[in-house]
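Starting from the given sequences, assemble the full structure and let the hints guide the process.
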Amino acid sequence: MELQGTLKSWNDDKGFGFIRPATGGEDVFVHISAVRGDQRPQVGEAVAYVAGRDERGRARAEHMRTAGSLRIDQPGIRRRPSPVPSASVRNTPAPIADGRRGAGGRAVIRHLPAKLILLALLCLLPVWGCLRALDAGVPWIGLGYLLFSLLSFGLYWSDKRKAQSGHWRVTEARLHLSELLGGWPGALIAQQVFRHKTRKLGFQFICWSIVAAHQAFWLERLLLKASVIGPLPVPGL
1 MELQGTLKSW NDDKGFGFIR PATGGEDVFV HISAVRGDQR PQVGEAVAYV
51 AGRDERGRAR AEHMRTAGSL RIDQPGIRRR PSPVPSASVR NTPAPIADGR
101 RGAGGRAVIR HLPAKLILLA LLCLLPVWGC LRALDAGVPW IGLGYLLFSL
151 LSFGLYWSDK RKAQSGHWRV TEARLHLSEL LGGWPGALIA QQVFRHKTRK
201 LGFQFICWSI VAAHQAFWLE RLLLKASVIG PLPVPGL
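Numbers 1 to 237, taken from the working numbering, label the letters of the sequence shown in order.
No wet-lab data here; the hints were simulated from the structure.
Quick reminder that beta carbons are idealized off the backbone N, C-alpha and C, glycines included.
Mixed in with the good hints there might be a few duds.
Listed below are the simulated SDA-like cross-link pairs for lysine to any residue, each with C-alpha atoms no more than 25 Å apart in a straight line [to be verified]:
1) K8 <-> E62
2) K162 <-> E26
3) K197 <-> D13
4) K200 <-> E172
5) K197 <-> L146
6) K14 <-> T66
7) K200 <-> L150
8) K14 <-> S165
9) K200 <-> I117
10) K14 <-> E62
11) K14 <-> V193
12) K14 <-> G37
13) K160 <-> I109
14) K162 <-> I189
15) K162 <-> V193
16) K225 <-> A212
17) K8 <-> R65
Pairwise CB distance ranges, derived in the manner of DEER restraints [claimed, not checked]:
18) L146 <-> T6: 44 to 52 Å
19) L223 <-> R174: 26 to 34 Å
20) L223 <-> D13: 49 to 57 Å
21) S158 <-> R20: 24 to 32 Å
22) K14 <-> E220: 44 to 52 Å
23) D12 <-> Q204: 28 to 36 Å
Quick look at the structure:
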């Protein structure tokens with residue numbers, strides 16, 4: 001059944017927006033793939049939509065059209081419009097790669113050797129601690145670091161793709177939780193590989209605080225001989 005509402009917001013570059021239902025309640029997410037008609041959506045226009053829920057139970061439009069419109073659907077409206085370059089842009093030579101893009105247009109990691117050295121240094125204490133625990137018959141600490149690093153890498157990959165396609169994002173709390181549980185090495189790698197979350201200062205502060213907390217824990221366990229926290233009920237620690 002179609003419901004009535006007003007298009008409250010629309011990001012034409014990313015191809016998504018939100019509908020304000022005529023009956024009130026929470027705003028409804030709509031992606032360009034659900035839009036029908038012969039023109040792209042306009043903020044403020046009255047729309048008719050079929051309500052649904054995404055896999056996480058949030059309101060989402062399965063279908064949306066301009067209210068009162070019975071025009072023939074044009075699939076071309078669901079493609080991102082290509083900007084028309086000005087004459088000055090057309091006559092400008094192609095720019096040389098700026099250090100973040102390789103010759104083939106691929107993103108490259110700047111200062112890669114220095115970043116690899118930093119990552120190796122940050123992993124020294126955790127690897128030492130995991131080896132001590134493994135020697136004491138406790139393999140799950142090292143496995144935890146590995147599995148949560150893989151999980152963090154996957155979450156960053158998923159969040160990057162969702163950001164580009166306009167879908168619901170992975171929450172920052174989930175990213176940080178995975179880092180806290182041992183996935184920070186995978187998170188640091190993913191940030192550089194996908195160029196994701198590297199310029200968000202608040203996010204970076206929390207991420208590096210988690211890294212520092214892990215370093216402090218292993219420093220206390222291994223070099224200070226557990227003199228601060230005291231012994232833990234884990235062999236080797």
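Hint-by-hint comparison with the structure:
| no. | hint | in the structure |
| --- | --- | --- |
| 1 | K8 <-> E62 | holds (17 Å) |
| 2 | K162 <-> E26 | holds (22 Å) |
| 3 | K197 <-> D13 | holds (20 Å) |
| 4 | K200 <-> E172 | holds (11 Å) |
| 5 | K197 <-> L146 | holds (21 Å) |
| 6 | K14 <-> T66 | holds (20 Å) |
| 7 | K200 <-> L150 | holds (22 Å) |
| 8 | K14 <-> S165 | holds (7 Å) |
| 9 | K200 <-> I117 | holds (23 Å) |
| 10 | K14 <-> E62 | holds (18 Å) |
| 11 | K14 <-> V193 | holds (22 Å) |
| 12 | K14 <-> G37 | holds (19 Å) |
| 13 | K160 <-> I109 | holds (16 Å) |
| 14 | K162 <-> I189 | holds (19 Å) |
| 15 | K162 <-> V193 | holds (16 Å) |
| 16 | K225 <-> A212 | holds (18 Å) |
| 17 | K8 <-> R65 | holds (14 Å) |
| 18 | L146 <-> T6: 44 to 52 Å | holds (49 Å) |
| 19 | L223 <-> R174: 26 to 34 Å | holds (32 Å) |
| 20 | L223 <-> D13: 49 to 57 Å | holds (51 Å) |
| 21 | S158 <-> R20: 24 to 32 Å | holds (29 Å) |
| 22 | K14 <-> E220: 44 to 52 Å | holds (45 Å) |
| 23 | D12 <-> Q204: 28 to 36 Å | holds (30 Å) |
Of the numbered hints listed earlier, not one is contradicted by the structure.
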